[in-house]
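Residue numbering for the sequence shown follows UniProt numbering, beginning at 1 and increasing consecutively.
The hints are simulated quantities; they were obtained by calculation from the structure and are not laboratory data.
Quantities reported herein were computed from a predicted structural model and do not represent experimental measurements.
Mixed in with the good hints, there may be bad ones.
Label pairs and their calculated CB-CB ranges [said to hold, decoys possible]:
{"no.": "1", "residue 1": "Q329", "residue 2": "Q72", "range": "28 to 38 Å"}
{"no.": "2", "residue 1": "R126", "residue 2": "N19", "range": "50 to 60 Å"}
{"no.": "3", "residue 1": "V354", "residue 2": "G183", "range": "38 to 48 Å"}
{"no.": "4", "residue 1": "Q329", "residue 2": "N119", "range": "21 to 31 Å"}
{"no.": "5", "residue 1": "S279", "residue 2": "D12", "range": "35 to 45 Å"}
{"no.": "6", "residue 1": "Q16", "residue 2": "N109", "range": "35 to 45 Å"}
{"no.": "7", "residue 1": "N239", "residue 2": "V354", "range": "25 to 35 Å"}
{"no.": "8", "residue 1": "P367", "residue 2": "N239", "range": "33 to 43 Å"}
{"no.": "9", "residue 1": "Q296", "residue 2": "Q16", "range": "48 to 58 Å"}
Even glycine gets a Cβ: it sits at the ideal position worked out from N, Cα and C.
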Amino acid sequence: RHRGAGMGGGHDEREQTLNQMLVEMDGFDPNANVIVIAATNRPDILDPALLRPGRFDRQIGVDAPDLKGRLQILGVHGRGKPLADGVDLEDVARKTPGFSGADLANVLNEAALLTARSNAQLIDDRALDEAIDRVIAGPQRRTRVMKDKERLITAYHEGGHALAAAAMNYSDPVSKITILPRGKALGYTMVLPVDDKYSVTRNELQDQLTYAMGGRVAEEIVFHDPTTGASNDIEKATNIARKMVTEYGMTRDIGPVLLSGSSGEMFMGRDRGHGRDYSETLAQRVDREVRALIEQAHDEAYEVLNSNRDVLDRLAHELLEKETLDHKQIAEIFSDVKKIDERPQWLSSSERPVSAMPPIDVPRAEPQPEPGVAAAEEAPQSSRSPETGGSTKPATA
1 RHRGAGMGGG HDEREQTLNQ MLVEMDGFDP NANVIVIAAT NRPDILDPAL
51 LRPGRFDRQI GVDAPDLKGR LQILGVHGRG KPLADGVDLE DVARKTPGFS
101 GADLANVLNE AALLTARSNA QLIDDRALDE AIDRVIAGPQ RRTRVMKDKE
151 RLITAYHEGG HALAAAAMNY SDPVSKITIL PRGKALGYTM VLPVDDKYSV
201 TRNELQDQLT YAMGGRVAEE IVFHDPTTGA SNDIEKATNI ARKMVTEYGM
251 TRDIGPVLLS GSSGEMFMGR DRGHGRDYSE TLAQRVDREV RALIEQAHDE
301 AYEVLNSNRD VLDRLAHELL EKETLDHKQI AEIFSDVKKI DERPQWLSSS
351 ERPVSAMPPI DVPRAEPQPE PGVAAAEEAP QSSRSPETGG STKPATA
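All chains, full assembly: derive it from the sequences and hints.
Next comes the structure, spelled out in structure tokens:
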């Protein structure tokens, strides 16, 4: 941790340990074959002296695995487990974006436990889907019995989320809806990207806001009496909107300025007591921009659900009957959804109009062989006879 972050000053045991560690790392013989490797989940609280050249001078970030990585991890943890013939681990990998290796191992372990409890011999897709749900939202709470009115409200609430997502132009497809209680939630809607994403556009963030407000708007339209069930949705929408204003520079009034960063020193490894580093007037402008983004999302969700009320009613009816709908059932219900109109092009300033020139086409890249495959293919060429133009001598560096 940062020196000076504790309450013991220079005599703190943490500080003495850190100082001794720095001395030991500086005292290694340059010719000694010693490599120091360490790992942390909190690089933000490390003392800068640890990261200087000659110490931990190479930092490697390990992010959540991508689709290919998840598939390989599932393949490793799936060895020795009795998977049914129809199980496609690539499909499981697509359903688990953002999962860590430990999460994926947990999915397969949960699926194995569920299979054993049901006295089945093979792990099938149903067990894997239930295991994913358990990792995401917790186990199903069978003891929580909802009254018919609450089930109806939950069906419309989750249907509002799903319909709002389906009617947007930049939202990911809805893959699952359920009104079975899990954890603290009375139900949930799963929206999964088709491919891994590493950046998000402004339109995609606005669609996320509209999707988040869909449940609240459905309660307003159908029952004219919103419930507390939308509190988490409002929290998520507010966080997204505030980041759009203070971190991503996606509003005209504030502009591309970072306002939410912390520049203060850590105390006990935590950023305690650090308030905003901008004026009250600017804070009010930020709040207005956040409110405007959420109000726009609220209006878009209202427009979508009103224009597709028949689809919303049908979706709620199916949820009440089946309790859980998969992507095929959802796609059938949403086949007649009226999409919302495209938003006007966003300008960061009226003095910087949008260029009329389109982007270039992406050139098709030649498929590159894997490093091991390339080496295997080049190996026979080095032993060709002189008559064929090859060389019998190995290449030298």
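Hints, verified against the model:
Between Q329 and Q72 the beta carbon distance is about 31 Å. The supplied range of 28 to 38 Å therefore holds. The hinted window of 50 to 60 Å between R126 and N19 holds, with their beta carbons roughly 56 Å apart. Here the CB-CB span from V354 to G183 is close to 44 Å, well matched to the stated 38 to 48 Å. A beta carbon spacing of about 28 Å between Q329 and N119 agrees with the range 21 to 31 Å that was offered as a hint.
Separation of S279 from D12 is about 36 Å and conforms to the stated range, judged on CB atoms against 35 to 45 Å. Between Q16 and N109 the CB atoms are about 41 Å apart, so this pair conforms to the stated range of 35 to 45 Å. At roughly 29 Å, the beta-carbon separation of N239 and V354 lies within the given 25 to 35 Å, and the hint holds. At roughly 41 Å, the beta carbons of P367 and N239 sit within the given window of 33 to 43 Å.
Roughly 55 Å separates the CB atoms of Q296 and Q16, a value that falls within the hinted 48 to 58 Å.
Taken one by one, the earlier hints all hold for this structure without exception.
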